[in-house]
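Novice: Since the structure of chain A is already known, use the hints to place chains B, C and D on it.
Protein chains: 4
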Amino acid sequence: MSEQVGFLTMGATAEAAGPVPTIGIGMLGYAFMGKAHSNAFRTIPYMIRPLAAMPRMVALCGRNREAVTAAATRFGYEKVYLDWREMLKDDSIQLFDNGGPNNVHAEPTIAAAEAGKHVLCEKPLGRTAKESKQMLDAVRKAGVKHMCAFNYRFVPAVRQAKALLERGALGRIYHFRARYLQEWGNSPDVAQWRYHADTAGSGALGDLGAHIIDMARFLIGEPTEVSALTATFITERDDPGGAGRKHVDVDDAFEAIVRFANGAVGTLEATRFAPGRKNHNCFEINGELGSISFDLEDMNHLEVHLPGLDDKDVQGFRKVLVSESIHPFWQHWWPQGHIIGWEHTFIHEVNHLLEAIVGNHDVAPYGADFVDGYRNAVICDAIIESAREGRRVAIRYED
Amino acid sequence: MSEQVGFLTMGATAEAAGPVPTIGIGMLGYAFMGKAHSNAFRTIPYMIRPLAAMPRMVALCGRNREAVTAAATRFGYEKVYLDWREMLKDDSIQLFDNGGPNNVHAEPTIAAAEAGKHVLCEKPLGRTAKESKQMLDAVRKAGVKHMCAFNYRFVPAVRQAKALLERGALGRIYHFRARYLQEWGNSPDVAQWRYHADTAGSGALGDLGAHIIDMARFLIGEPTEVSALTATFITERDDPGGAGRKHVDVDDAFEAIVRFANGAVGTLEATRFAPGRKNHNCFEINGELGSISFDLEDMNHLEVHLPGLDDKDVQGFRKVLVSESIHPFWQHWWPQGHIIGWEHTFIHEVNHLLEAIVGNHDVAPYGADFVDGYRNAVICDAIIESAREGRRVAIRYED
Amino acid sequence: MSEQVGFLTMGATAEAAGPVPTIGIGMLGYAFMGKAHSNAFRTIPYMIRPLAAMPRMVALCGRNREAVTAAATRFGYEKVYLDWREMLKDDSIQLFDNGGPNNVHAEPTIAAAEAGKHVLCEKPLGRTAKESKQMLDAVRKAGVKHMCAFNYRFVPAVRQAKALLERGALGRIYHFRARYLQEWGNSPDVAQWRYHADTAGSGALGDLGAHIIDMARFLIGEPTEVSALTATFITERDDPGGAGRKHVDVDDAFEAIVRFANGAVGTLEATRFAPGRKNHNCFEINGELGSISFDLEDMNHLEVHLPGLDDKDVQGFRKVLVSESIHPFWQHWWPQGHIIGWEHTFIHEVNHLLEAIVGNHDVAPYGADFVDGYRNAVICDAIIESAREGRRVAIRYED
Amino acid sequence: MSEQVGFLTMGATAEAAGPVPTIGIGMLGYAFMGKAHSNAFRTIPYMIRPLAAMPRMVALCGRNREAVTAAATRFGYEKVYLDWREMLKDDSIQLFDNGGPNNVHAEPTIAAAEAGKHVLCEKPLGRTAKESKQMLDAVRKAGVKHMCAFNYRFVPAVRQAKALLERGALGRIYHFRARYLQEWGNSPDVAQWRYHADTAGSGALGDLGAHIIDMARFLIGEPTEVSALTATFITERDDPGGAGRKHVDVDDAFEAIVRFANGAVGTLEATRFAPGRKNHNCFEINGELGSISFDLEDMNHLEVHLPGLDDKDVQGFRKVLVSESIHPFWQHWWPQGHIIGWEHTFIHEVNHLLEAIVGNHDVAPYGADFVDGYRNAVICDAIIESAREGRRVAIRYED
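Chains as they are written, first to last, in the numbering used here: chain A, -18 to 380; chain B, -18 to 380; chain C, -18 to 380; chain D, -18 to 380.
With the rest of the complex left out, here is chain A (with noise of 0.2 angstroms):
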């Protein structure tokens, strides 16, 4: 007894009421990003229940025929182009993914919106807070959906600190400091982009900042006003395009303290100079009634303290392993226990963008998108302003 199904297309149609649409994905950028984002499209088909869209992987570009070709047979996408501006004429492509380097997030992403893509943008959004601006008024102007890649909010862990947030659970916040900590600058070896304020816009703060900068956001609220300090412990390298040494001229840390518009204080700091710390992405937030800890190295487990359910003399952080069904995201998982990793942010983040695309509702306030871009970018630019000037300064947003 043998019986013939279709592949994926019919696979999701066969278990919804009627067919899910698909959506044509258009990618800008085959490296580090291009490989979890592809990895995100084509994992959702099979595994995200219920299915919102059929992601249709039509098209990878890049500059390099070969490197390309390479990439886009790989993940599987049916074409490539090597001038973005091709891509986006293609009318099969309804989203466009740009995850190139930041100096060519604006100018394709705005296009793109201008074409009626709907855009999905890395982190961080423009190089500055003005670039950011241009690409929010784009997407606006067209009415597309827009999502800047802030993949953390989708760590379940987080996702469930969110929730306690917003139950009230930790009652008034005081406190929340976080740190992203990584090791490889500390390597004068290490030549790349990242390190030139032409390509990244700024150093550690852009790359790593900024995202525990959108975690103080979407956690605890607005900040008011920032004081900062920058450092630059390496101050020469290769060039990356091979042209002999280049200056530094991006931050290797920054180290900010900040106030948010509900009174709670913290502190935020990035820096590629911590030897031991691979991806330490930690936050800890401290209000009325208890307190909560994070830690990307360990992100299946969130530390959370909350006493008044506790008898008093057992109350402590307890490491809870989100990793039940109960749990954000996890119904598209395994039993509980069974971890997942950090590629599994991509999947949700994705997901959730498609799903505002086929409901026709918006990214935020879960997902990140281009009103969230462009304020980090506007914290961001406060940083270094405050660095450079040594006194504190506002965080004014024009939207």
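I should point out that these hints are in silico values taken from the structure, not numbers from a laboratory. Some hints here could point you the wrong way.
Simulated coverage check for chain C against chain B, where a stretch passes if three residues somewhere in it have a Cβ under 8 angstroms from a Cβ of chain B [unchecked claim]:
#1 156 to 168
#2 209 to 222
#3 253 to 259
#4 270 to 282
#5 367 to 376
Each residue gets a CB set at the ideal place from its N, CA and C atoms; glycine is no exception.
Specialist: Structure of chains B, C and D alone, referenced to chain A:
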């Protein structure tokens, strides 16, 4: 400038010197393990490089037409079968993957081998050593590749531990202690095939204990004798078939002490009655030159104590985040510190089998084969015998 | 304005309704345990409130005149004796504290009881159950207070665990697993009385194992049967008496599995061959309603899982810093979070005995008395018998 | 065979080549710090070897006759004084120990120095840099030994960190981040002198922050500039003097970022509003060659990452149990792994001062002296100034 590229199968050929072979998969079962294995088959083509073989998901087999069709559609199998005997006649299948309950391990697997299919069978291999031996004899006679799915050999941190042992980093081994603790048996309302000997063989022993017995054999070597006891805390549950109440005739937990051929001694323990322990599969090894400790709930870390490498006043267990390109399996994944999850063990495992098939080499010693599955069952039987008889039992393999 | 106040003895009276009694101490032995007990006697008068009795450090006894005089001078004993028989004639001594090696536990302690002294004896009580029984019979016949120094009952976190069990917080108990791991035996150069049966009775079993056996009995209740094995990894060492090489005739490690009268099952293990484990005395208890975990290397913490107290999505082991005024023994110490050390267990223990003497009540159930010491020895003997005979051994007390 | 030996004073002489000098102690204050210091004085004579001096507990001073007499009796002081001016006339006192509230630090300490007494003053030294400078000037002029009680320099793990830094194990230093979190301020019902500037100077800053500022200076070196903010979450509390409600005019928390003379940058933070953090005094240092991490709640451990010592695939933070004879201060204590507590820091600290007095050498650099106390106050003042002015403030010492 656009260029059409093909889909997965083409993709694989594009990267290799020539085309990679396709291996057709026929899968029995579509629940927990079916989902984990299917995810592995779908991920390998674009994440594992170099790619040894392109898995073709030919058919899924189950008894309930509606359910198996839905699962096949979801995971992208081409066909469904309602009878595994029919599926084994399908010439487009080269690999039979048995993810069914323990009582359907032996017969279909033996038949598959007899039909010339390579076989991958979930653990425990058979419900008893005797049944397992029949399976081993069958695959040997058929000359097919055989793997028993002890997936924890494919945790990067476990393979790293193996590498340390292989290079003698711990010297003479004194101790191995392992426990596998879960909590879900503590609810009297849970009812399923795992509570009854006819379907499961044994309880926590075959389900969880088999994993740590495999760890013991993989890392330390053969045990020579064992003393054990078992306990069943809840002795009656609902019949999973719906026929009222049914006696629980398997262990809820076992405790064992063991001596190894190399002189090491240890403890083995598994239970489903440890509240708060979601998937606490742990071991510690103490040797003349150092110690190693592992916990599956934190599976990306390995704790390693190697005092000979340290200055005297800074000795201690190092918490190694096993997530760098130099670590086992990490060439396929992400930059350091971007951790992977439980499901990745199956990707590594299945790929290991595909490599063995294509390269025509043994699954052992890094993968577990049916010799491992059989010997594991001998030890499980010895544990039950020791628990019943109240005396130490020697481990004697017939193979 | 100055005012003369008196010294310690006066001090005690000043705070109580009336004068507190003085209890004269005669101590045998002045090495590791002698230092720990002497520190307790010196600290109690000014740190423990209310003060039950003022310990008077009357005499210290040892065979080497110079060494015992130096130790007595250091710790403030009034006299030294070179023969414990002489010391027992001293009427100013009401409490005999035996901190000598295991082979001088029985005879002096029995003689002290016969001389009407209360007795505190280091663990293990005797080298065998038989010797321990003689000691128990002697103190019973003499009607004196008797304590066996299982000091880990006096860790605040352990007493907190006891309190949780007493109030039924864990419900029915399923599992107890304990291990006591140290590393110093791994060096072949270590030579001392603890390696030889004539002086020590047993090895890691009586030295470390006795402690976790006491934890098992204190927290879970009586075991009914045990299966065990022992190992001796280094079989010859220098004679501690200087007479060349000497056979090691005690265990370097033991492994045991145990069943308790209440239906719980567990593992017990001790070794001196676990590199990196300095003083790793751990236990975990799993019950119907929760779990408890403890590690002496982090002795101010207790990990507690009580899901019934938590919201469903924030359940997990709490890391309780047992250091608040509501916690056991903490009324004597510091504001919360200002942790205490290992030596404090002796302060609590000795004070418990002084209170029992002054209040004329039993040392049990919170302190270990000679019944506990004897029963502990029965279990140790059963472990050795089981290891030798290769069969399960029932625990049978004659008292 | 009995032999009378003397009590403490004799004891000390018996072990040394000749008699050790006696140093008479006069103590002001008998609450938290009074208890901790008194315990140190009582413990040193029999636990610290070699013994530099025998502390003689001459007098305790306080305003409430009944309370001070009770405390003096308890801790074994010979006399009480109700006026510190009177006590300073007592010729049997050579060391004045000031454990009173911050507003009685300056005047009595200065008077003591003028009376030729050596001085030990609790931290913060004065309520302001100005007051602290007067104290420093006084002890310098008097030529007495002076110590400011930054006791965390005397945690073995902290001193071990210092040793690593001194031998260059971390190379160039990039980062220092420290926080000192407690929770007790979160209750609006707590009322005491620490909430008001007249008695305390500052809030969490002088109470907790001063400790981590001292750690920063001790371990990293001098800071050159700071930016800060402060917060007061509960602005009115009961007057500790009983006069109704009183405005809280000190900080409940501060946040600061700092640059050091050696180019390192960092964060400093203290709060009394972090539920679940009992005594969370932490720091982390990142340098070119490694990292160090410490947490006072687990004060016997030091986490150390020194990749240069490790094989490449087993690098990670080591959890060093700083409790072996080769570790700082451990020659006085117990076999490895038998941990000490918070109170031991005072034993080490006070003994360090006694050694400085007897040996006529400086308390610095391992102990904090009044130079350290003064500079600490300059930094505290700069933090307040920066928080008030909203600009970066340079650290400028007048000494």
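Novice: Take the hints in turn and mark each one as holding or not.
Specialist: Results for each hint:
{"no.": "1", "hint": "156 to 168", "in the structure": "holds (count 5)"}
{"no.": "2", "hint": "209 to 222", "in the structure": "holds (count 4)"}
{"no.": "3", "hint": "253 to 259", "in the structure": "holds (count 5)"}
{"no.": "4", "hint": "270 to 282", "in the structure": "holds (count 3)"}
{"no.": "5", "hint": "367 to 376", "in the structure": "holds (count 4)"}
In this structure, none of the earlier numbered hints is contradicted; all agree with it.
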